[in-house]
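Asks: Construct the entire structure; sequences and hints are all you get.
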Amino acid sequence: MSVSQANLTATVEAAPERIRRHLLVDRLYHWIMAACVLTLLATAFLPIIGVKFDWLGLHWMTGVVLAVLVVYHMVRASIWQSLRSMVIDSGDIANGWRRLARFFGATAAPPGKPGKYNGLQKLYHAGIAVLLLSIVASGLTMLLKIDTPFWRRNPYWFADYAWGVIYAVHGLAAMALLTLIMIHIYFAVRPDEWWLTRSMFRGWITRREYDTHHDRARWQADDA
Amino acid sequence: MQLFRYSTSIYGGSDVMIGASWDLLPWFVAAGAAFIVVHAVVKAFAGRRQADEPR
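Taken in order, these protein sequences are the chains called E and Y.
Those letters in the first sequence? Residues 1471 to 1694, per the numbering used here, in order.
Those letters in the second sequence? Residues 8 to 62, per the numbering used here, in order.
What the hints contain is simulated information worked out from the structure, not anything from laboratory work.
Only a predicted model underlies this, so the values are computations on that prediction, with no experimental measurement involved.
Keep in mind that a hint or two might mislead.
In silico DSSO-like cross-links for lysine-lysine, where the CA-CA straight-line distance does not exceed 27 angstroms [claimed, not checked]:
1) Y/K50 <-> E/K1522
2) Y/K50 <-> E/K1615
3) E/K1522 <-> E/K1615
4) Y/K50 <-> E/K1583
Replies: See the structure below:
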């Protein structure tokens, strides 16, 4: 064994068995966000399909919590996390194209490994971001139409037509969010994706999972 | 099926849009279910094809 081979072997053996994927603060954010979104979807749509209950108070209060969480996430992602890791880049597009071509039997080079997130995860995140920002912005505006312990309603800020547009944006974005949440839960429970779901509980993935699914050059991970 | 809900203005005239139509809700649920079914079938198909490939 040469000196360089020995060094490589020593480096691999010294590499951590647990690779940190999500900090505790990010996992807490994810699960509080999930509880808020599920509560909001339930209080929004159960009354529509016939399950009648006093939904408005729980809905708007949870909505305010969600708005705070979204602002928190935007600040944290911008300052303390890597925004680039969530932006679709040329590598993601090339990988997606190769995967599609090979699926349909065309000759193409094997797709490379992604960084922390693959192209479809980034695309999903972008879709969720657009929907949530639409829902939060329209929902906060709709608070002007209800009395709360903090303010009195004032429905005259906007004309009837403008209110209609605000309510339409809120409703359409909420229904589209329901579709995306169904897809998110489906991927979370798929056996081949369970290693990712597990990392949202434990915060880490194994070194083997890291080596199998990620490009070290595109995601320089820390040990857990 | 309508995309939006409308209400008759108390001042007369044309109807006023008041929000998205809840008739769309089953379609959004169906879209999610369709994606899940198609993805599961494609993954099963791709997995079987990979298993059949000579090593």
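Asks: Mind listing which of the numbered hints don't hold for this structure, in increasing order?
Replies: Of the numbered hints, 1 and 2 do not hold.
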